[in-house]
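Novice: Sequence:
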Amino acid sequence: MQKEKTEKTKSVRKKIILFLLIPISLGLMVATIFRPTTDCKKVYRNDLQMKINDKLIETELANDFATRQKGLSGRECIGDNQAMLFEFDTSERWGIWMKDMKFSIDIVWLDADKKVIDVKENVSPDSYPSIFYPKSFASYVIEFGQGEISRQKIAVGDQISW
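Position in the sequence shown (first residue = 1) + 5 = our numbering.
Incorrect hints may have been included.
Stated by the list, open to error - Straight-line C-alpha distance at most 27 Å; calculated DSS-like pairs for lysine-lysine: (1) Lys19 - Lys75; (2) Lys140 - Lys120; (3) Lys56 - Lys158; (4) Lys60 - Lys125; (5) Lys120 - Lys158; (6) Lys140 - Lys125; (7) Lys158 - Lys125.
To be verified - Computed Cβ-Cβ distance ranges for the label pairs, DEER-style: (8) Ser132 - Ile27: 43 to 51 Å; (9) Gly162 - Asp131: 24 to 32 Å; (10) Ser135 - Asn58: 23 to 31 Å; (11) Asp85 - Gln164: 19 to 27 Å; (12) Asp105 - Glu126: 15 to 23 Å; (13) Phe108 - Gln74: 29 to 37 Å; (14) Ser132 - Arg156: 16 to 24 Å; (15) Ser135 - Phe24: 52 to 60 Å.
Since the hints were derived computationally from the structure, they do not count as laboratory data. Think of the CB as a built atom: it goes at the ideal place given N, C-alpha and C, for glycine as much as any other residue.
Take the sequences, apply the hints, and build the full model.
Specialist: Structure representation (C-alpha cells):
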C-alpha cells in the first residue's frame with residue numbers, strides 16, 4: 006500500500022514537472038526565435054564589394070525608390086566594413102535624412118566618376134527632420150556606421166571603386 010502511494014506521488018511529481026517544463030521550454034524557444042538580432046552581419050545583404058583605400062567593404066545596394074527612401078531606417082546597427090550604397094539615375098544634390106534611424110552614421114557623396122565630393126560624419130538620429138545635402142551634385146551616396154569615415158581615412162577627392 007505504501008509502495009503504491011509512493012509510486013503515485015512520483016508519477017504526480019513527474020507530471021507537474023513536465024507540465025511546468027514544457028511551457029517554459031516553448032517560451033524560451035519562441036523568445037530566442039523572435040529576439041531582435043544585434044549581430045549586424047545577420048541583417049545585412051552583401052550585394053557588392055566596394056574598394057576604399059585598398060580595403061574591401063561589404064555593400065548593400067539601394068538602387069530603386071523604395072530602398073533609397075528606407076535606407077538604413079529601422080535597423081539596429083550596421084557593422085564595421087559595411088555600407089549602404091545609394092545609386093541614382095541622375096546627378097543631383099541628393100539629401101539624406103535620419104527618419105526612423107536608431108544609430109548614428111557617416112555619409113559620403115560621390116560624383117558620377119565615383120570620386121568623393123563631400124562627407125558628413127557622426128550624423129545623429131536626433132537630427133531628424135534635418136536633411137543633409139552635398140556641396141555639389143552627386144550620383145551616389147554611401148552610408149556607413151559612425152566613425153567609419155575616420156577608420157577608412159576617407160577624404161574629399163578619394164576614388165572609390167566597385
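Novice: What are the numbers of the hints the structure violates, in ascending order?
Specialist: Numbers 1 and 13, in rising order.
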